[in-house]
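First residue of the sequence shown: 1, per this note's numbering; consecutive thereafter.
These are calculated hints, taken from the structure and not from any lab test. Among the clues, some could well be false.
[As the list claims (entries may be wrong)] The list that follows gives simulated cross-link-like pairs (lysine to aspartate or glutamate, DMTMM-like), each with its CA atoms no further than 20 Å apart:
(1) LYS215 - ASP326
(2) LYS19 - ASP261
(3) LYS231 - GLU214
(4) LYS82 - ASP26
(5) LYS231 - ASP261
[What the hints assert, rightly or not] Just the calculated beta-carbon pair ranges, DEER-fashion:
(6) ARG190 - ARG271: 34 to 40 Å
(7) THR297 - ARG30: 25 to 31 Å
(8) GLU192 - GLY270: 30 to 36 Å
(9) GLY270 - GLY227: 21 to 27 Å
(10) PRO273 - ASP26: 42 to 48 Å
Small disclaimer: the values here were computed from a predicted structure and weren't measured. We put the CB at the ideal spot given by N, CA and C, even for glycine.
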Amino acid sequence: MSVVYERGQDRMSADSGNKSRDEYLDRINRVLAHVLDHLDSDLALASLADIACFSPWHFHRIFTALMGETPDDYVRRIRLEKAASRLIKQPDMSLTEIAGLCGFSTSALFSRNFAKHYGLSPSAFRSGGRKGLPYRKNRQEPDKDGQPDGKEGQQASNIGKAPLYLARYHLERDERDAEGAGSVNVTTRRIETMRVAYLWHVHGYFRGVDAKVEKMVRWARARELVGPDTKIIGIGLDNPDITPEDKCRLLVCVTLPAGIDLNSLERNAGRTPVGFRDIPGGLYAVWSHRGSGYELTDEYYRFYRYWLPDSGFIPTDSEGFMTYTDRIGGVAHSEGFSVDVYIPIAPL
1 MSVVYERGQD RMSADSGNKS RDEYLDRINR VLAHVLDHLD SDLALASLAD
51 IACFSPWHFH RIFTALMGET PDDYVRRIRL EKAASRLIKQ PDMSLTEIAG
101 LCGFSTSALF SRNFAKHYGL SPSAFRSGGR KGLPYRKNRQ EPDKDGQPDG
151 KEGQQASNIG KAPLYLARYH LERDERDAEG AGSVNVTTRR IETMRVAYLW
201 HVHGYFRGVD AKVEKMVRWA RARELVGPDT KIIGIGLDNP DITPEDKCRL
251 LVCVTLPAGI DLNSLERNAG RTPVGFRDIP GGLYAVWSHR GSGYELTDEY
301 YRFYRYWLPD SGFIPTDSEG FMTYTDRIGG VAHSEGFSVD VYIPIAPL
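Can you make the complete structure from the sequences, with help from the hints?
Shown next as structure tokens:
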């Protein structure tokens, strides 16, 4: 892989960082406002991502990092809280009407979700059962500023409120600094297009990957394709926050020499088909990881919550990838592994 441009973690001006954060805030707040006004409409991930002008994959990570809950969880919670408000304020409205106005296709689906969230049925909630909910028992008298006195009271005061501008709170600089925003050392690199051979791995990003890497490397060695510049690359096609981890799809790749004639290559590794594709050249955000998969997941979270909103960049629709920096074939997921993570980006 030829790196033709690299910029270290030089600090941007305060104005540039503020403008970048403001753009991210504006996009997320557009989504929150849309949810608030369209509870009975299609609020699927793809439609919300379109409003935010992010790809669904990146939107899910950005929203979750900034809001502290997934888009699906947020929409469900706001719908249920609005339904709970209607149950109290509009006692003559039927459960079916409330369900429809709050985006539930049937009253049965509404009742199941409501009972799971509040611990009692909508009818019981309406008839007074809500008075026994724990957050009501913990309510305290307001202090002199009109706010509930004490931590429990403060938590209770937030229940049932749609945090339209909660994202702004999550991006306050003092909070980011306190939580170690700079601990993911991100650089930006411009790379050339890479042609790779790959094998499908459809059982998650960790289980069985070592064996698939070894199979890919054996295929490449047998055809004298492995050299000093050969890279082992993993292209993750699914977000484990959306797709069950054991269902996530991974392309296990080896880079191919420049000018290789693909028609001359055997397209099977044993009984497993070998595919070929190009990894697009362009600008990428990059950081190095050494450790477990759980630690890598945390680094992704901090990247989307802290670095990206300040960076002046947005993620593009292309897939990101990881280059394994251990020896060829030595992935060792169970004990930790070394990778460089690449996320494709473009100027905001």
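Results for each hint:
no. : hint                        : result
1   : LYS215 - ASP326             : holds (16 Å)
2   : LYS19 - ASP261              : violated (47 Å)
3   : LYS231 - GLU214             : holds (13 Å)
4   : LYS82 - ASP26               : violated (23 Å)
5   : LYS231 - ASP261             : holds (19 Å)
6   : ARG190 - ARG271: 34 to 40 Å : holds (39 Å)
7   : THR297 - ARG30: 25 to 31 Å  : holds (27 Å)
8   : GLU192 - GLY270: 30 to 36 Å : holds (31 Å)
9   : GLY270 - GLY227: 21 to 27 Å : holds (23 Å)
10  : PRO273 - ASP26: 42 to 48 Å  : holds (45 Å)
Hint compliance for this structure: hints 2, 4 are broken, all remaining hints hold.
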